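Undergrad: These protein sequences, in sequence, are chains A and B. Take the first sequence: its position 188, counting from 1, is numbered 170 in this note's numbering, and each next residue is one higher. Take the second sequence: its position 366, counting from 1, is numbered 377 in this note's numbering, and each next residue is one higher.
I should point out that these hints are in silico values taken from the structure, not numbers from a laboratory. Errors might be hidden in some of the hints.
As the list claims (entries may be wrong) - Here are some, though not all, of the chain B residues that point toward chain A, as calculated from beta-carbon distances under 10 Å:
{"hint": "1", "residue": "49"}
{"hint": "2", "residue": "177"}
{"hint": "3", "residue": "323"}
{"hint": "4", "residue": "353"}
{"hint": "5", "residue": "388"}
{"hint": "6", "residue": "394"}
What the hints assert, rightly or not - Ranges between beta-carbon positions, derived for each pair:
{"hint": "7", "chain 1": "B", "residue 1": "282", "chain 2": "A", "residue 2": "150", "range": "42 to 48 Å"}
{"hint": "8", "chain 1": "B", "residue 1": "114", "chain 2": "A", "residue 2": "164", "range": "38 to 44 Å"}
{"hint": "9", "chain 1": "B", "residue 1": "327", "chain 2": "A", "residue 2": "22", "range": "33 to 39 Å"}
{"hint": "10", "chain 1": "A", "residue 1": "155", "chain 2": "B", "residue 2": "327", "range": "56 to 62 Å"}
{"hint": "11", "chain 1": "B", "residue 1": "66", "chain 2": "A", "residue 2": "161", "range": "28 to 34 Å"}
{"hint": "12", "chain 1": "A", "residue 1": "183", "chain 2": "B", "residue 2": "134", "range": "56 to 62 Å"}
{"hint": "13", "chain 1": "A", "residue 1": "210", "chain 2": "B", "residue 2": "127", "range": "55 to 61 Å"}
{"hint": "14", "chain 1": "B", "residue 1": "122", "chain 2": "A", "residue 2": "161", "range": "39 to 45 Å"}
{"hint": "15", "chain 1": "A", "residue 1": "210", "chain 2": "B", "residue 2": "245", "range": "55 to 61 Å"}
{"hint": "16", "chain 1": "B", "residue 1": "21", "chain 2": "A", "residue 2": "127", "range": "48 to 54 Å"}
{"hint": "17", "chain 1": "B", "residue 1": "381", "chain 2": "A", "residue 2": "164", "range": "45 to 51 Å"}
{"hint": "18", "chain 1": "A", "residue 1": "210", "chain 2": "B", "residue 2": "114", "range": "41 to 47 Å"}
{"hint": "19", "chain 1": "B", "residue 1": "239", "chain 2": "A", "residue 2": "228", "range": "33 to 39 Å"}
Note that the structure is a prediction, hence the values are computed from the model and not measured. Beta carbons are placed, not taken as given, at the ideal position from N, Cα and C, and that holds for glycine.
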Amino acid sequence: MAKNDLLGGSLWDAYSNKVTTLMNNPQHQGEITEEEASANGHKLIVADFGAESCGDAVRLYWEIDPATDKIVNSKFKSFGCGTAIASSDVMTELCIGKTVQEAVKITNIDVEMALRDDPDTPAVPPQKMHCSVMAYDVIKKAAGLYMGVDAESFEEEIIVCECARISLGTLQEVIRLNDLTTVEQITDYTKAGGFCKSCVKPGGHEDREYYLVDILEDTRKQMDQEKMAAAADAGVTGDFETMTLVQKIKAIDAVIDESVRQFLVMDGGNMEVIDIKDSDEYIDVYIRYLGACSSCSSSTTGTLYAIESTLKEKLSGKIRVLPI
Amino acid sequence: MQVYMDNNATTMVDPQVLEVMLPYFSEQYGNPNSLHKFGTASHPAISKAIDQVYTAINAADADDIIFTSCATESNNWVLKSIWVDKILNGDKNHIVTTEVEHPSVLSTCKFLEEQGVKVTYLPVNEQGIVEAHTVKSFITDKTALVSVMWANNETGMIFPIKEIGDICKEKGVLFHSDGVQAVGKIPVDLQAVHVDFVSMSAHKFHGPKGIGALYIKNSQELSPLLNGGEHMGGRRSGTLNVPYIVGMGKALELATENIEEKMAAIRAKRDRLEGALLEAIPETFTVGDRDNRTPNTILISIRGVEGEGMLWDLNNGEIGASTGSACASEDLEANTVMLAIGADNELAHTGIRLSLSRFTTDEEVDYVINHFKNAVTRLRAISSSYAKVKPTPGGEVQECELHHH
């Protein structure tokens, strides 16, 4: 929570211009009839996906040339919000001219990317991403119908949230990429867990093999382990700034033991490291002088400069030593 | 033309209200708690506003009406004080409320549940109201408070407050009503019904935002929500918001004088709008009996047209309306009130609320009818859901039958 979050923005402001344009004027909405397809010697495929009970459903029409498996025409109908209409429209556009085998490779990410005004700005806010996922799923359904196979055969991954059709792999990736820490965030980013909620945790209206709470915990655990391993590697390679706190303390103590402490002890003094705090600009090392150093007039000038310079030289230029 | 049809969310400030508020921003800005003339100069205006509110809801001199910042504060105040006064240190542990209350009641109840309070959330019937006998059957000797809204914000349905009040009186249970959608819209006579606490908010009846009030029957005990000074008799601290208090008094006076006439005028426009939409658009439904609704409200469902898409098209036509359905509220749930009254899941995603005010004109109603029809035609042409159902030939009207679907 910060200044920019105090006033919630309008959901509609987060839509790209392409989304709003297609919401107002979808280019491919409509139907293709059996008669139209037959007249051209083509095959008609009609696939439904989604559920009105979730607020989103789409019907996809494909007119396919059986000689080439090419989708020569495609239209859609949609029960859903504006982004569902825009996603369905662009999904239909993406299908036209492709073979069924090519179309089945279109992902929800392709749909969302095609709706962007510029490649770096999402076309829709996170909670609207499920609309593009639905477009992706209806393609698989249509391809399955045409090829006479189950739509799930195109799905190599494990589906965790059936309502939003979100796979285990997608969930793990989204958690990692966006450093998500709560189930609510997962729902915001993927829509997983946002509908019937059975996949959130045990106790819903149907039992699931995977639950979001467990996936989040396991993925976070893996991320922590990987982080620790990376930090351990950093310790080995001497990359101070990516070390864990403990490694940093050990590294600082080692430098002090090797290059500083003996000079302090010679004058009847000593020092200890109290804490380390990281910020973008500095790595602050808090120390306390012991013995003669604690009352020495140069402990805040020459001695301090010597300690800081040594640590900077041997470990990191970001180090700043602060006596307390 | 721009048409505002979201008056259950908020209303424009009546120009007459603004006029009486203005001097208290600039000329008479003294703190009313100051001893000097700069402060006391505002006392007559505050006193008048207090009288206006007491008169408008027919409160007795022995009752308290405490100005708050909004009805959310008033609702929080009652519920949390009941927890402190009657539950935390007493032998009661139970609150009865409904599934369709405003979030300021429901969220506070959820919070209290986390503190160990037992809360019963009563369902509504197919008309969208909680019946008195249902309330009665859930009151136990552990019940500290019943909190039932006077009128629903989405459907406009008016709850049987008199009957519920009588039951609470008979059972010796405190009764709170969130009166936000009732006060200033329909007659509210607090001598004629038994209610211990009523929350209200000025911006729902053409007053300013940021000012509300809590009616407390017979000045009964209620721990303050805001501790501090001695404002409002020590019941609600915080420097008095003089211009807004003056505005609220005037707004409520204007809303309630000749209220029957005002209601009739709004109702006529509302009924014309509702009738025209139901007649012109097949497979369209409205919720609740018109005679038992606040006279300005329509909750209309359009088969095959998802709520946000409809709002989008209405907004493109410069019409402001609202929906409680999934996408527009950034929530995935269907309209909870519509589900509660038995609408099917698809219809519960199609609810559009149109709420008029006394400033709504006939031309605006005509404009909305026309634009609404066009939007439905466009969106149904796109709709996969509507493609699966056959429209009723000739546009047969079906009303108040959502529970059958």
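Undergrad: Each hint should be assessed against the structure and marked as holding or not.
TA: Right, here's what the structure says about each hint:
1. 49: violated, 33 Å
2. 177: Interface hint status for residue 177 of chain B: violated (39 Å vs cutoff 10 Å).
3. 323: holds, 5 Å
4. 353: violated, 14 Å
5. 388: Since chain A brings no Cβ nearer than about 13 Å to residue 388 of chain B, farther than 10 Å, the hint is violated.
6. 394: holds, 5 Å
7. B:282 with A:150: 42 to 48 Å: Once the Cβ atoms are compared, 54 Å apart, the range 42 to 48 Å for residue 150 of chain A and residue 282 of chain B is violated.
8. B:114 with A:164: 38 to 44 Å: violated, 21 Å
9. B:327 with A:22: 33 to 39 Å: Cβ of residue 327 of chain B to Cβ of residue 22 of chain A: about 36 Å, so the range 33 to 39 Å holds.
10. A:155 with B:327: 56 to 62 Å: Taking Cβ atoms as reference, residue 155 of chain A and residue 327 of chain B lie about 37 Å apart, which means the hint is violated.
11. B:66 with A:161: 28 to 34 Å: violated, 58 Å
12. A:183 with B:134: 56 to 62 Å: violated, 25 Å
13. A:210 with B:127: 55 to 61 Å: About 40 Å separates the Cβ atoms of residue 210 of chain A and residue 127 of chain B, which means 55 to 61 Å is violated.
14. B:122 with A:161: 39 to 45 Å: Hint violated: Cβ distance 29 Å, outside 39 to 45 Å.
15. A:210 with B:245: 55 to 61 Å: holds, 57 Å
16. B:21 with A:127: 48 to 54 Å: Given range 48 to 54 Å: holds, Cβ gap about 49 Å.
17. B:381 with A:164: 45 to 51 Å: holds, 46 Å
18. A:210 with B:114: 41 to 47 Å: holds, 42 Å
19. B:239 with A:228: 33 to 39 Å: violated, 48 Å
In terms of the numbered hints stated before, the structure departs from hints 1, 2, 4, 5, 7, 8, 10, 11, 12, 13, 14 and 19, listed from lowest to highest.
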